[in-house]
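Heads up, the sequence shown is in full-length UniProt numbering, so the first residue is 1 and it goes up one at a time.
Quick caveat, the hints were computed from the structure, so don't treat them as lab data.
Heads up, some of the hints might be wrong.
Stated by the list, open to error - EDC-like mimics (lysine to aspartate or glutamate), calculated; alpha carbons at most 20 angstroms apart, straight line: (1) K80 x D106; (2) K405 x E164; (3) K421 x E363; (4) K122 x D136; (5) K80 x E50; (6) K405 x E422; (7) K103 x D59; (8) K80 x D99; (9) K152 x E87; (10) K109 x D89; (11) K405 x E363; (12) K152 x D267; (13) K109 x E164; (14) K144 x D129; (15) K419 x E380; (16) K144 x E121; (17) K80 x E121; (18) K152 x D116; (19) K421 x D377; (20) K109 x E87; (21) K378 x E422; (22) K411 x E164; (23) K352 x E363; (24) K100 x D59; (25) K138 x E104; (26) K419 x D409; (27) K80 x D129; (28) K109 x D99; (29) K144 x D116; (30) K405 x D417; (31) K138 x E121.
These numbers were taken from a predicted model, which means no experiment stands behind them.
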Amino acid sequence: VSKNALGSSFIAARNLHASNACLQKTGIAEVSSVLEERILGADTSVNLEETGHVLNIGDYIAQVLGVRNAQAEEMSSGLKDMSLNLEPDNVGVFMFGNDKLIKEGDIVKRTGAIVDVPVSEKLLGRVVDALGNAIDAKCPIGSKARRRVGLKSPGIIPQISVSEPMQTGIKAVDSLVTIGCGQCDLVIGDRQKKLYCIHVAICPKRSTAAQLYTIVVSATASDAAVAYHQIYMLLCRPPSREAYLHDLFYLHSRTLERAAKMNDAFDSVSLTALLVIETQAGDIFLETELFYKGICPAINVGLSVSCVGSAAQTRAMKQNHEDAAFAQFNSDLDAATQQLLSHGVRLTELLKQAQYSPMATEEHVAVIYAGVRGYLDKLEPSKITKFENAFLPHVTSQHQALLGKIRTDGKISEETDAKLKEIVTNFLA
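The whole structure should be built from the sequences, with the hints applied where relevant.
So this is what it looks like as structure tokens:
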């Protein structure tokens with residue numbers, strides 16, 4: 001091989017090596033650029049799920065093994081359930097759906113979500129279950145806003161004392177048993193007022209609750225104790241005396257603490273709650289015997305008492321309270337007392353009220369004024385209802401200015417008293 005040939009091959013090899021180096025450098029840059037673009041465009045979030053498996057299930061209670069970081073009242077996706085028992089090696093959950101869909105060995109996962117329910121005005125007028133799902137055979141609720149169950153109730157600072165009356169439209173309640181906006185009492189809401197009455201039924205059948213418009217539902221706080229007792233036994237927790245568990249009282253108190261009258265900073269709104277329990281602590285006492293006597297609503301005005309006293313009662317209603325309370329007596333006494341009891345019989349007739357016929361405060365005052373001041377003592381008790389049916393249209397059509405003054409002032413002034421006396425006297429003449 002000649003020297004020229006060797007030199008030429010050496011130069012060619014050196015040029016080829018240089019070309020490969022350039023190509024290699026260019027390829028590395030391109031690969032780096034592609035990798036950089038993919039890294040920047042990739043989703044860096046890591047989806048880690050904590051899973052476990054069902055150890056056993058029965059009676060809507062499941063024991064889940066392996067979910068160590070579960071929280072109390074946490075709900076799972078898919079079939080709804082709530083974590084209640086938090087033990088070192090397993091979690092006891094209560095199923096809200098059909099427990100037949102779950103079997104031993106099924107894989108479950110945490111969601112990290114605490115129990116929440118939909119909140120919207122779309123819920124008003126609907127029948128829903130505990131999770132806010134419609135059960136009245138109508139369209140779905142369709143509320144996007146949701147709130148966690150068991151949020152902290154309003155504190156003491158934003159609340160004000162209960163001093164504003166909540167008119168129910170029932171004469172016996174508004175005149176004798178005071179109900180204030182924000183207290184834990186409610187019987188019925190007047191359709192003419194901007195009130196929303198939400199009935200919470202515990203333990204009735206779903207088919208029964210979905211037909212509230214055809215039945216009368218009696219849901220007491222004692223029903224919750226029975227339900228809690230059954231859940232506690234299934235969770236192997238020791239129930240306390242008469243199934244009134246220590247946290248059941250806490251549950252009731254948390255619920256009732258939502259009832260409050262807020263100050264101006266919170267738009268002066270109020271929430272009034274009804275507590276119905278087997279042990280009556282006063283409040284509004286309904287008596288079966290009065291119902292059988294034809295006295296509706298069958299409210300025992302002697303045993304019924306308001307939680308807030310007369311603080312939330314208008315002065316016009318206070319002036320009628322003392323005399324009307326004597327309507328509960330029916331024994332034979334001396335002549336003076338008989339006259340008083342005869343007066344009370346007419347007041348009892350005057351307190352009768354048809355169903356679904358609420359009355360405004362000023363109408364209450366006008367009607368009860370005629371009875372309390374003794375203008376109806378000469379009428380037969382059987383004619384009291386006839387008098388009311390004729391007197392109310394007369395007052396509402398001929399004396400709107402007087403009714404407006406009573407509604408605005410909230411009391412019976414000397415001028416109003418004289419005018420009412422004149423109206424009743426002329427009407428009975």
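Hint by hint, here is what the structure shows:
| no. | hint | verdict |
| --- | --- | --- |
| 1 | K80 x D106 | 15 angstroms, holds |
| 2 | K405 x E164 | 18 angstroms, holds |
| 3 | K421 x E363 | 15 angstroms, holds |
| 4 | K122 x D136 | 13 angstroms, holds |
| 5 | K80 x E50 | 17 angstroms, holds |
| 6 | K405 x E422 | 16 angstroms, holds |
| 7 | K103 x D59 | 12 angstroms, holds |
| 8 | K80 x D99 | 10 angstroms, holds |
| 9 | K152 x E87 | 26 angstroms, violated |
| 10 | K109 x D89 | 15 angstroms, holds |
| 11 | K405 x E363 | 12 angstroms, holds |
| 12 | K152 x D267 | 19 angstroms, holds |
| 13 | K109 x E164 | 50 angstroms, violated |
| 14 | K144 x D129 | 17 angstroms, holds |
| 15 | K419 x E380 | 25 angstroms, violated |
| 16 | K144 x E121 | 11 angstroms, holds |
| 17 | K80 x E121 | 24 angstroms, violated |
| 18 | K152 x D116 | 14 angstroms, holds |
| 19 | K421 x D377 | 15 angstroms, holds |
| 20 | K109 x E87 | 17 angstroms, holds |
| 21 | K378 x E422 | 17 angstroms, holds |
| 22 | K411 x E164 | 14 angstroms, holds |
| 23 | K352 x E363 | 14 angstroms, holds |
| 24 | K100 x D59 | 9 angstroms, holds |
| 25 | K138 x E104 | 35 angstroms, violated |
| 26 | K419 x D409 | 15 angstroms, holds |
| 27 | K80 x D129 | 13 angstroms, holds |
| 28 | K109 x D99 | 16 angstroms, holds |
| 29 | K144 x D116 | 12 angstroms, holds |
| 30 | K405 x D417 | 12 angstroms, holds |
| 31 | K138 x E121 | 16 angstroms, holds |
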